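Trainee: Read in order, the letters of the sequence shown are residues 18 to 306 in the working numbering.
Derived from the structure by calculation, the hints contain no laboratory data. All clues stand as given, with none of them false.
Here are the simulated BS3-like cross-link-like pairs (lysine-lysine), alpha carbons at most 30 angstroms apart as the crow flies:
| # | residue 1 | residue 2 |
| --- | --- | --- |
| 1 | Lys266 | Lys238 |
| 2 | Lys238 | Lys214 |
| 3 | Lys204 | Lys214 |
Source: prediction; values computed, not measured.
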Amino acid sequence: MGDVAVGARSGHDGEEHRGRPAQSAVPAADSAVTSGSDSGAAEDDRVTGEHTTAEDQGPGGTTRAPKKPRSFWKELPILIGIALVLALLIKTFLVQAFSIPSDSMQNTLQQGDRVLVDKLTPWFGSEPERGEVVVFHDPGNWLRGEPTPDPNALQTFLSWIGLMPSVEEKDLIKRVIGVGGDTVECKGTGPLKVNGKALNEPYVFPGNTPCSNDDQGGQFKVKVPQGYIWVMGDHRQNSRDSRYNQGEKYHGMVPVKEVVGRAIVKAWPIDRWGTLPVPDTFDQSGLNP
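All chains, full assembly: derive it from the sequences and hints.
Mentor: Given below as structure tokens:
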């Protein structure tokens with residue numbers, strides 16, 4: 018028996034050589050499977066162990082106390098700060114609210130209406146187009162004689178962050194009639210013409226005529242320079258617009274660089290909410306010079 022054991026180990030006995038591999042192959046296969054399972058188990062345990070240590074245990078295996086939620090009053094200043102930053106970014110780059118101070122744009126806009134002005138597209142090179150209602154900075158003493166508002170501290174702050182219409186900036190709102198290169202003219206009571214094409218103007222205040230029959234600017238023919246626009250109010254007999262500022266710095270023209278943006282929505286009062294689209298008359302063929 019001892020010789021057989023030695024022969025099996027040494028590999029010299031042919032019979033033992035034929036029988037022993039079958040007996041040794043099974044343990045080898047079993048070992049391989051067991052090792053794989055053990056390895057997988059070790060990997061699973063390692064991941065589980067890390068998760069347990071990170072989430073539930075502190076150093077040395079001690080249980081870590083759950084974190085207390087931050088107090089609302091500690092988070093409130095952070096939330097207010099974020100809201101203010103967002104409001105300033107929106108006012109500066111996206112949309113700003115403006116209040117209508119007069120009746121010069123009736124009936125399209127009424128005194129006291131709030132409009133939202135698109136300030137984004139000008140950043141991408143967009144320029145005013147005929148028919149748009151635009152807000153622009155006073156280009157040259159157009160607002161002389163107008164009363165200066167005296168806002169309180171709260172109004173000033175809310176205007177600064179864009180949550181209320183600006184009450185200090187000297188801005189006007191009118192409709193673009195002519196752009197650079199256009200010839201705009203009006204004789205008698207109308208119609209108003211752009212590059213020889215008569216405009217059908219349903220937005221003009223009821224009872225008004227497209228032109229004013231006076232010698233103060235109601236009768237005119239002008240050529241709009243490049244980089245400028247010619248603007249008029251919809252309430253033609255109650256609007257101090259380009260017609261009546263021809264003696265000023267830019268001869269009644271508004272530099273495009275002074276345009277804040279296009280009024281796109283009547284936001285307040287709620288019962289007057291609506292968009293401000295370009296009238297169809299400005300889409301007629303042959304209007305371009």
